[in-house]
Amino acid sequence: MKAYRLLLALALLGAFTVVRAELSIQITQGVDDPIPIAVAPFRASGIGVGAEDVARVVAENLEQAGVFQVLGRDSLLSMPSEQSEVFFRDWRMLAQDYLLVGQVSGERGSQLVRVQYEFFDVNRELLLAGEVLGGNISQLRDIGHEIANVVYEQVTGVRGAFTTQILYVVAEEADDGTSFRLEKADYDGRRAQTLLRSQEPIMSPSWSPDGSEVAYVSFETELPRIYIQNIATGQRRQVTNYPGINSSPVWSPDGTKLAMVLSKDGSPDIYVQDLRSNELRKITDHPAIDTEPSWAPDGKSIVFMSDRTGQPQIYQTGLDAGALSLERLTYDCFQCAKARFLPDGVNLVHVRRETRQSPSYQIAIINIETLRLITLTDTALDESPSLAPNGSMILYATKFEGRGVLDAVSIDGRVKFRLPSTRGDVREPAWSPFLN
Amino acid sequence: MGTQSYSIFKAALLASALALFVACSSTGDATGDEQQAAAGAGDAGSSGGAAGAGSSGSSVQIGGTGAGETAPLTQEQAEREEALRTTVFYFDFDVAEFRADDRQTLAHHARDLAASPDRRIRLEGHADERGTREYNLALGERRANGILNYLIVNGASREQIQVVSYGEERPAEMGESEQAYAANRRVEIVE
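Going down the list, the sequences are from chains A and B. So that you can map any letter, position 205 of the first sequence is 205 in the working numbering, and since no number is skipped, the others follow by simple counting. So that you can map any letter, position 63 of the second sequence is 63 in the working numbering, and since no number is skipped, the others follow by simple counting.
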């Protein structure tokens with residue numbers, strides 16, 4: 001049952017990055033019937049008192065997922081750290097369904113640590129999972145996220161996204177004008193690093209499917225141009241230099257192409273550029289605004305927004321070599337925009353303004369076959385939805401007390417949490433793919 | 001933002017043309033109202049900010065300060081100088097076409113460009129924060145292009161003018177008020 005895994009070089013390159021004021025999660029809404037789970041503090045030996053509290057990291061992750069209620073440490077009747085110390089009756093008395101125990105051990109003078117954990121079904125008195133994880137002491141947070149992934153998947157059957165990361169843009173007023181930063185952080189806003197800093201706007205960060213690169217728009221030449229940057233090395237290259245708007249870069253699911261918006265022919269249209277041959281293919285050709293491309297999960301079609309009927313609506317176009325098919329997907333909203341598919345390829349996350357008279361922009365999901373609609377948010381200026389790679393949560397930008405912040409909502413609307421910003425306007429979140 | 005539908009568009013155009021005649025009958029400048037193209041949005045209840053911004057653009061009403069004592073400017077010269085000092089043009093909500101009462105001012109800019117072929121300008125288009133960022137980026141370009149085309153039609157050369165849209169990324173005024181929104185829906189002429 002126990003396996004040994006080494007966390008591979010998660011060490012983050014600090015050469016070109018600066019740790020910034022951090023975001024941290026606040027849960028604003030959870031489910032009504034959360035699953036009770038106990039996380040005993042991990043017994044520590046041979047590591048300093050300042051080391052990361054792995055059990056607390058796991059507990060926070062599970063709370064943030066919204067579907068768990070983690071038993072407070074004050075309520076523990078015992079503190080087992082391995083199976084032989086677990087008395088299931090105690091945990092049943094505390095009405096806990098699941099129990100996580102573990103221990104962290106290091107050797108003096110060494111940076112290497114071992115984390116052993118065991119995860120139990122209390123009612124069935126069953127060991128569900130357990131392993132020994134090894135790594136550097138600086139990776140204890142990562143190890144905590146790994147364990148949270150296992151627990152989450154054991155209970156919900158869905159792969160955990162606690163080891164994923166997010167990109168976002170921060171705009172901050174300073175004496176010499178607004179400064180813009182492209183930042184990367186853990187999914188929970190911790191350990192933020194700056195990937196790019198500029199006095200000119202930065203827009204539309206987008207992950208490559210393997211998580212190694214980011215494409216974005218930078219105005220650093222005083223014109224919007226698309227760049228691709230390697231996240232680990234910081235190396236980057238300018239991808240486009242066409243007249244007019246160059247924006248909205250989005251990687252194809254196989255990572256070989258970049259969908260984008262160019263207005264070089266007079267109005268914004270959707271294009272696909274092959275990243276190996278640099279061949280550019282025009283996908284839409286209309287004098288109205290076509291923008292916000294997003295790939296269907298199978299890579300065979302693109303959804304985009306167009307105001308060709310007067311207001312933004314969502315369309316889908318096939319990419320078959322012959323004739324490009326075109327289908328309008330939304331009808332019953334004043335504006336529908338910024339669409340992206342859930343992994344099922346049928347449900348479409350989008351930004352929605354219902355009527356001209358109700359000027360709120362909200363995050364919603366529409367099933368394009370049944371047209372069933374779920375509106376997930378109720379604030380006024382919600383935009384830039386980005387989906388967790390396990391399809392469980394949507395991260396989006398909204399306003400709170402006059403500032404841009406990032407909120408997340410589960411795709412059933414039951415769970416909400418917020419990553420408050422300490423400084424500046426935070427916007428345009430992009431949730432990473434699975435990174436391991 | 002864009003026009004809603006052509007029938008509404010036309011209705012609004014008629015309405016705004018009428019409004020124009022009533023509002024600025026003194027200028028005698030109500031010809032060719034296709035440039036106005038209020039596109040239905042301005043009169044759909046969301047136009048609250050329009051007045052504030054429009055007047056702030058022309059609030060630099062200098063009118064030839066102390067012109068009487070020094071060499072008197074002709075009225076045309078004074079008009080021209082004031083027009084060239086106006087470099088920010090405001091837009092109604094959801095509308096990409098510049099306002100009809102900016103037409104004279106822009107014509108002066110166009111003639112000035114035509115008279116000085118070495119002059120280069122940049123048209124920077126902006127939008128308020130409502131609506132998605134990419135759409136606002138496109139909308140800012142559409143606004144700037146409207147002015148670009150008008151300058152060219154009136155004598156400027158395409159090579160003299162660069163267009164760039166900042167969408168909602170460079171607001172002139174922070175905040176979520178109608179006044180801030182109105183101040184942010186603009187095209188700036190930058191030397």
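These are calculated hints, taken from the structure and not from any lab test. Keep in mind it's a predicted model, so treat the numbers as computed, not measured. Possibly wrong hints are sitting among the right ones.
Said to hold, decoys possible - Partial pick of chain A residues on the chain B-facing surface, computed with a CB cut under 10 Å:
hint, residue
1, Val155
2, Gly157
3, Ser204
4, Val239
5, Tyr242
6, Ile245
7, Ser247
8, Ser263
9, Asp265
10, Gly266
11, Arg356
12, Gly391
13, Lys399
14, Gly402
15, Val405
The beta-carbon is built from N, C-alpha and C at its ideal position, and this holds for glycine as well.
Taking the earlier hints as the rules, which of them does this structure contradict? 1, 2, 4, 5, 9, 12 and 15
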